[in-house]
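Peer 1: Spelled out from the first residue to the last, the chains are:
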Amino acid sequence: MRPRDLGFLCVAVGIALATGRGVIRSASPEREPRAAVPPRPRVSARVDQEFRALWSAQGIKPAPPAPELAVMRRLNLALTGAVPSLEEIRRFEAIEPGRRVDAWVEELLQSRRAADYLAERFARALVGTEDGPFLVFRRRRFVAWLSDALLENRPYPAIVRELIAERGVWTDHPAVNFVTVTRDEKTERPNPERLAARVSRAFLGARIDCAQCHDHPFQPWKQADFRGLAAFFGGVHSNLRGVTDGRNDYQPDDRKTREPETVAPAVPARPDLLPVDGPPRKRLAAWVVDPRNPYFGRAIANRAWAILFGRPLVEPVDDIPSIDEPPKTLDLLADDFVEHGGDLRRLLRAIAATETFRRDSLDVPGESAADDESWAAFPMTRLRPEQVAGALGQSASLETIGPRSHWLVRLGTYTEGNDFVRRYGDAGEDEFTPRGGTLPQRLLLMNGDLVEKRTKNNLGNASRRLAMLAPDDAKLVELAYLCVLTRRPSPEEAAHFAPRFKGVFGDARAKLASDLLWTLLNSIESSWNH
Amino acid sequence: MSIDRRGFLTLGVGAGLGWLTPAATALARRAEKTDGPPSSLILLWLAGGPSQLDTFDPHPESPNSGGVRAIETAARGVRLAEGFERLAAEMGSVALIRSATSKEGDHERGTYMLKTGFRPDPTIVHPSIGAVCCHELPVGEVDVPRHVSILAGQWPSRGGYLGGEYDAFQVDDPRGKLPDVAAFVPPERDARRVLDLDVVDAAFARGRAARVKATLHREATAAARAMMTSEQLKAFDVSEESAGTLAEYGDSPFGRGCLAARRLIEVGARCVEVTLGGWDSHVANREIQGRLVGVLDPAFSALIRDLRRRDLLSRTVVLCCGEFGRTPRINPLGGRDHWPDGFSMALAGGGLNTGFALGAADPAGQKDPIAPVPVQNVHATILTALGLDPRRENVAPVTGRPIRLSEGRPIDELLG
Chain A
1 MRPRDLGFLC VAVGIALATG RGVIRSASPE REPRAAVPPR PRVSARVDQE
51 FRALWSAQGI KPAPPAPELA VMRRLNLALT GAVPSLEEIR RFEAIEPGRR
101 VDAWVEELLQ SRRAADYLAE RFARALVGTE DGPFLVFRRR RFVAWLSDAL
151 LENRPYPAIV RELIAERGVW TDHPAVNFVT VTRDEKTERP NPERLAARVS
201 RAFLGARIDC AQCHDHPFQP WKQADFRGLA AFFGGVHSNL RGVTDGRNDY
251 QPDDRKTREP ETVAPAVPAR PDLLPVDGPP RKRLAAWVVD PRNPYFGRAI
301 ANRAWAILFG RPLVEPVDDI PSIDEPPKTL DLLADDFVEH GGDLRRLLRA
351 IAATETFRRD SLDVPGESAA DDESWAAFPM TRLRPEQVAG ALGQSASLET
401 IGPRSHWLVR LGTYTEGNDF VRRYGDAGED EFTPRGGTLP QRLLLMNGDL
451 VEKRTKNNLG NASRRLAMLA PDDAKLVELA YLCVLTRRPS PEEAAHFAPR
501 FKGVFGDARA KLASDLLWTL LNSIESSWNH
Chain B
1001 MSIDRRGFLT LGVGAGLGWL TPAATALARR AEKTDGPPSS LILLWLAGGP
1051 SQLDTFDPHP ESPNSGGVRA IETAARGVRL AEGFERLAAE MGSVALIRSA
1101 TSKEGDHERG TYMLKTGFRP DPTIVHPSIG AVCCHELPVG EVDVPRHVSI
1151 LAGQWPSRGG YLGGEYDAFQ VDDPRGKLPD VAAFVPPERD ARRVLDLDVV
1201 DAAFARGRAA RVKATLHREA TAAARAMMTS EQLKAFDVSE ESAGTLAEYG
1251 DSPFGRGCLA ARRLIEVGAR CVEVTLGGWD SHVANREIQG RLVGVLDPAF
1301 SALIRDLRRR DLLSRTVVLC CGEFGRTPRI NPLGGRDHWP DGFSMALAGG
1351 GLNTGFALGA ADPAGQKDPI APVPVQNVHA TILTALGLDP RRENVAPVTG
1401 RPIRLSEGRP IDELLG
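Line by line, the protein sequences give chains A and B. First residue of the first sequence? That's 1 in the working numbering, and the numbers climb one at a time after it. First residue of the second sequence? That's 1001 in the working numbering, and the numbers climb one at a time after it.
Hints are computed from structural coordinates only; laboratory data are not their basis. Accuracy of the hints is not assured; some may be wrong.
In silico BS3-like links for lysine-lysine, alpha-carbon gap of 27 Å or less [claimed, not checked]:
no., chain 1, residue 1, chain 2, residue 2
1, B, Lys1213, A, Lys61
2, A, Lys282, A, Lys256
3, A, Lys475, A, Lys453
4, A, Lys282, A, Lys328
5, A, Lys453, B, Lys1177
6, B, Lys1103, A, Lys222
7, A, Lys456, B, Lys1177
8, A, Lys256, B, Lys1177
9, A, Lys328, A, Lys61
10, B, Lys1103, B, Lys1367
11, A, Lys475, A, Lys511
12, A, Lys511, B, Lys1213
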C-alpha cells in the first residue's frame, strides 16, 4: 500500500466517524417551494408609509424599484451567504413575474441553507467567534441546535429563554454554550459580567457593558444597572457535569471604597415585569422576553433589518437606547413581532416585503453622506468575507451548493471558504460596522489560489462548462454575467465581450470564459451588496 | 444636558499639561527634528508566553530555577539565561523590563493586551500598536504594505477601530513565495482582464456614480496593482542578502523573518511583526525554552547589529516579548504555566536608554514585583520614542467615543 492510499483511507475513516457523530450532517431534504405564499404582512405597508412621510418632509425622491433579479441576489446573500446559482435563477424566472420575489422569500426562509446561515450569523452575537474555553464549549453543536430551532421556526422568546436559563451539559443541552463560552480560567466558572454584556447586547439591543467601569454621560443605563444584571448570573457554575445554579456570590468592588460589595439581581428598566419567584436566570429570562419589555422587540427587529439590508436601522446594531427616540419604523416592526408571538420568519418576511427593501441602490439626490441613511434607496454595503467566499464558490458552479449538494462539494467549499475568510479578514462579532476594503483583499481576489482554482479551465468549473455548453457567443456572455453578478449584460457589455468568442473553440474558448469570469468577480459590483 | 455627543467630542480633545517629565522633553525634541525620516517599530513576538526565568531574568540560585544557568553580558550586572551568548554581547543596546504586569492570563486576551495596550473590551476593538504607528506616522513613498506580520500566528496584529486597511499584511517564511502578488495568467491576459473591469464598472456606476465612487474599490485595486509591480517587493526577498548575513540571523524561518523585517523597514514599512511561536511550555519547560532561545539569540542580536550598521537603530524601536511570562513554580510535568504578574520584556533602539534592567520580579512568585511596569506603560513609552503623544485621542467610528493612543504613562527611566 502506498502512503497515498493510506492517507485516503484515513480521510475516509475520519469522514465516516465525523458523519456518525454529527460533525458533518447528512443532507436533509429541502422542501419544494410552497404554492401558497402568505399574504403581505400589513406592517410592511405601514413601514413604507412612514418612510414616505419622512422623505416628502425632507424633499427626497426615492429610488425606483430594483430589478427582480437584484432583489433575488440580496435575498440569497442575506439568507444563504452566497449569490444565487444559475439553477436557482432558472427556477426563479420560471415563477410568474410579480410573484417571483414573494415566492422566493418563502422558499429561502423555509430552507435548511437559510437556517444554517442565519444560525451562524446569530451565533456571532450570542457566543462570539472565538473558539471559547476548551472542552466546555462546543460552537458547532450550538450553531446546529440554533439552526434546527430556526428551521422549525420556534418562537424566538422560547429560544431566548433557553439560552439564558438552560441547565445541563453543553452537548446534550446545546443552549448552555451561551453560558459556558464565558467561563473564566481564573475563577473556573462562567463570568457574570460577560454574560450581562451578552444578554444586554443580544436581547436588549443595549451596550449596558459600557457602564461596566463607570457611568457614561450619554448612556441611560448606569453601572448599578450593569451590576444588577450581572448578579442574575452570580450563582451560575459550570463544570464537567454541566451548568448548574447555586448561591449568588457575585461581589464586584465598590467604586469608592474598593471593597467587594454584594449586589442583588435587578433589571435596568420596567422592574414591574420581573417575576418575584423562581431561580434568578429564569426570572431574568421571563423579564427579557416579556411582551411589554420594549427593548426585546426593538433589538431583534434592528438585527433582522441589518441581516437583510447589510446595515441596521439604528447604528450600532446593539446600541439602540443611546439615541433619544428610536425611529417609528423600528417600533412598528417590533410591535408586530411581539404581537405575533415572536415569529422570526414573519419578521424577516415583513422586512423583505417592504418597498424599501425592493428599491434600487441608485444615488438619491439630496441624500448627502453615506452614513446619513434615509433608506430612500437600498444601501450599498461591502459583502462580508464569508459572502465573498460563498459567492466565489457558488458562481463557479452552475448548480446550487447547499445541503442537497454532494458532501464532498460542501466539505470542499467549507474548508476552502474558511481559509479564504481567514486570509480575507473576518469581520468578527462587530459584524455590521462598516469597514474599508483592504489591499490584501484585492490581492486575494485578483491572484489568490481559490480564485484561480474557481475560474480556470477545469472540469466542473463554470468556465469550461459555459464554453462547452452555451449555444452561442451572446448566450455564453449572458450566462457568465448571471453566474457572477445575477444580472444580464447591458448592450454595451454584450457588445464588448461577445465578439471576442467568435470562431474560438476548445481550450482557447474556455480560457476566454475564465478571463471573463475573473473580470466579473473582481468588479466593484461583485464585492458589494446593492 | 444641553451638550450633545458631537459637541462633547470637539470640547473633549484638550490635551493635558506636564511639560517637565523626560517623556515630554523627548517628545519635544523629536518634534523639533521633523526633517529626519520617520521612525519604525519591529515587534519580535514570542507567541505562547516565554518564561522570564529561562530567558531575560534567570535566577540560578532560586529553588525555582529549573536548572537554568546565567551568563554575564556587556551590560554590567545584567545577566541573561545561557543560550543568549550573542545577545549578551549586544546588551549595551538593550533595556530589559523585568517587572511587567498585566491582568490577562489567557492566550487570546493576553495577546490583545500586549499588542494593543488595552484590555479586551466588548464595546470596541483596539488597534495593535503597529496599526497605531501606521495611522499616526507619515506615509511616504511606499508601495508595499506598511504594516507587515511575518510568520503570523493565531492572532496577528489588527487595525481594530482604525479599520481593516491597518491590519498587518501576513506573509510566511521569507524563503517562500510571497502570496497573491503574482497573476496566475500570462501578462497579456492579466492586462486585458484588468482593462475589462472598466466596462463592467461603468455599467454598474450608471445611476449610482457617487455611491460607486465612495467604495474606493478602484483605488484599492490600483494600490494592489502598484504593489504587484513594485521594485520594493524585493524587500521581502532575503535571498538577495549575502550568505554571511543570512547565517548571522540563523538558519530559521524566524531568523529570515527578522532579516526581512530590516529590509522592509529600509524601504519604509512602519511596523513589522515577526512571530516565534511555541513558548507555551506547560510540559518540559526547560527543554522547550532552551531550544527557542537558540533560535531567538542569533536573530535578535543580528538584527540589533545590522540596524546599527545601517544607521537605522536610532529610529527603529525593537520590542521583544510574548503575551505573558510563566509561573516561577514548576508544575509536576516539569512545565511552567501562565504568569502575567511579573514577567520580562526586552527593548532596543529608538533612542531609548539601554544597558540596564528595570524592576525586579520575585523568583519565588510570592511577593509583588518591585517597580511594577503595567504593559500599557510600555506602549506609552514606545509611542513617545517614535515621536507620538500617547495622550492624543482618536475618535472611534459609530460610537464617536474618544480614545487615547495609550492609557499608559511613558517610563521616564527609558526616555530622555
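Peer 1: Hints broken by the structure, by number, lowest first?
Peer 2: 2, 4, 8 and 12
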